[in-house]
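Based on the provided sequences and hints, a complete structural model is requested.
Line by line, the protein sequences are chains A and B.
Note that the first sequence covers residues 47 to 429 in this note's numbering.
Note that the second sequence covers residues 6 to 265 in this note's numbering.
These are computed hints drawn from the structure, not numbers from a lab.
The structure displayed is predicted, hence computed values, not measured ones.
Among the hints, erroneous ones may be present.
[Claimed, not checked] When the alpha-carbon atoms are kept at most 20 Å apart in a straight line, the in silico EDC-like pairs for lysine to aspartate or glutamate are as follows:
no.	chain 1	residue 1	chain 2	residue 2
1	A	68	B	184
2	A	71	B	187
3	A	53	B	187
[What the hints assert, rightly or not] One-sided and incomplete, this derived list gives chain A residues near chain B with beta-carbon spacing under 7 Å:
no.	residue
4	51
5	53
6	58
7	61
8	92
9	99
10	104
11	108
12	114
13	336
14	393
15	397
Virtual Cβ for every residue (Gly too), placed ideally from N, Cα, C.
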Amino acid sequence: MDFTLSKEHEMARTLFKEFAEKEVKPLAQEVDETEEFPRVTVDKMAKYGFLGIPVPKEYGGQGCDPLTYVMCVEELSKVCGTTGVIVSAHTSLCCDPILTFGTEEQKQKYLVPLAKGEKLGAFGLTEPGAGTDAQGQQTKAVLDGDEYVINGSKIFITNGKEADVYVIFAVTGMIEKKGRMMKEITSFIVEKGTPGFTFGTKEKKMGIRGSSTYELIFTDCRVPKENMLGKLGQGFKIAMHTLDGGRIGIAAQALGIAEGALDRTIAYTKERKQFGKTIAAQQNTQFQLADMATKVQAAQLLVYKAAMAKANQKEYGFEAAQAKLYAAEVAMEVTTKAVQLHGGYGYTREYDVERMMRDAKITEIYEGTSEVQRMVISAALLK
Amino acid sequence: MKIVVCIKQVPDTKGGVQFNPDGTLNRAAMLTIMNPDDKSGLEAALRLKDQYGAEVTVVTMGLPKAEDVLREALAMGADKAILVTDRVLGGADTWATSQTLAGAIRNLDYDLIITGRQAIDGDTAQVGPQLSEHLNIPVISYAQNIKIDGDSVIVERQFDDRYHVLKAKMPCLITALAELNEPRYMTPGGIFDACKADITVWGRADLVGVEDSNLGLKGSPTQIAKASDKVRKGKGEKVNLDPAESVDYIVGKLKEKHVI
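Here it is as structure tokens:
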């Protein structure tokens, strides 16, 4: 087995790294402080095709593979977790389900402008009573003539108010499955500006503070029935499939945050002197760094393996869950150690590791908590 | 319109400079980048392509590894790439390099040739103007702005405290400054296409109208006696004095070092 990256991937990494250093890093601290969505960066990413990396060229994308997309999210997240998740939510949670389940008309109408970066995408599954338990959905969609009338709300939606196209899930009825009555969930594409579709409160978050996280409110929101994504009742399958892909994106975000924190810590420990020598010369520091780097490397291999599985396999939920579980927990551990090795300075907002530790936490929670990943992994082991 | 852009793969000086025992650069041991002035020249060509429509061909002379900068240029939006490589071309100075590039470009149709002002590894700024001499076309150097006007180009040429506006009939050659523009990034899709693209490789036999005596080390009038890395400046000295005392202090220091 050869772990060498291809020429394409080496060049792509150089591109993403250069872009992240020049365009994203200088704004990262300010984006966190002000909690403002980095629109200027998003526009630049759109110009260079970063918002449609794994989408085929015939639909306005770059025609690259999932690994290239993962490397993009990774490099962006090394300097700014907010920017990483904007790309991840847009690509994995909005472009991907439309590409996989959309009709040709839906792809032309929605996917093409999304992949070109002319429009930004979001995904609405979570509700106040339906997080890990997707069956707890309360949002309803009722057919009335040629339109579905949607009522309900979605919370914690990434790219919330900044997006233009939303993939939304709603209950369209009840069906019997294995003798039990279950909610029939269906997926819809909803455009911003549709009457009855408004925004609630903006979340005040611990980390990824520049990402626009909002509540979406649907009040008699009428959506043409041709905006149904996939088939009636296929929503749960679409949501789970989409989240399998999304988890690879979040795993890449977690990986990037961990790598960024490690890079800064290596540099800092070589400069900071205590007791007449750099703290990098202390064996405790050396051992901590060795552990951090080894775990980061292991996380990278799992994330890249999941990306390759998405490229080559029909089912990749197991690999995605392992990558997300491990990368997220490594991100939390490495950023926590990074703050510790920075000492008092690391606890201040002057240093990036303080932000990175806050940004890392969400990767253990969204798009399936670490507990959900363990459920997915163990279910596959024990089936 | 057909534009030829000459680009060079140069050592990335951020990664440190390394030398062979004979004093020449150890290029194989250093990270390499597209020369910054050349990248601005390529960007200028791509903007002319965006604005007026053009076919952009990039040409480089170098080791087979120089293919990397050609692929980068393709990923930025260039249409064709030509690598001129041959053992007999090695060790070329500016004269032999410009002779080689002229020999390659004589195979091509072109309206405009753009080169960078100078490469960061040699800093001579000679290859562009020499190339125009060999091809017998006008040259406008140090371009900070380029416009097309019918069959001519109108160029702002940087000059000390001002700039000159010059017009030249095409075909002509322009040397570009890094300040000319902010080069675009590659695109991910562009990279994938560039890695699949065919690169034309030419050797000595493909060069037109060039004598062997003008090629490679043997054809190079310049011989490098010694090359060295930049000498790092010391920390310097910081003093806090009022202006009059500062003048006395500085003059005293200059006298002490026999500068004045």
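Enumerate the violated hints, using their earlier numbering and listing them in ascending order.
3, 4, 8, 10, 13, 14 and 15
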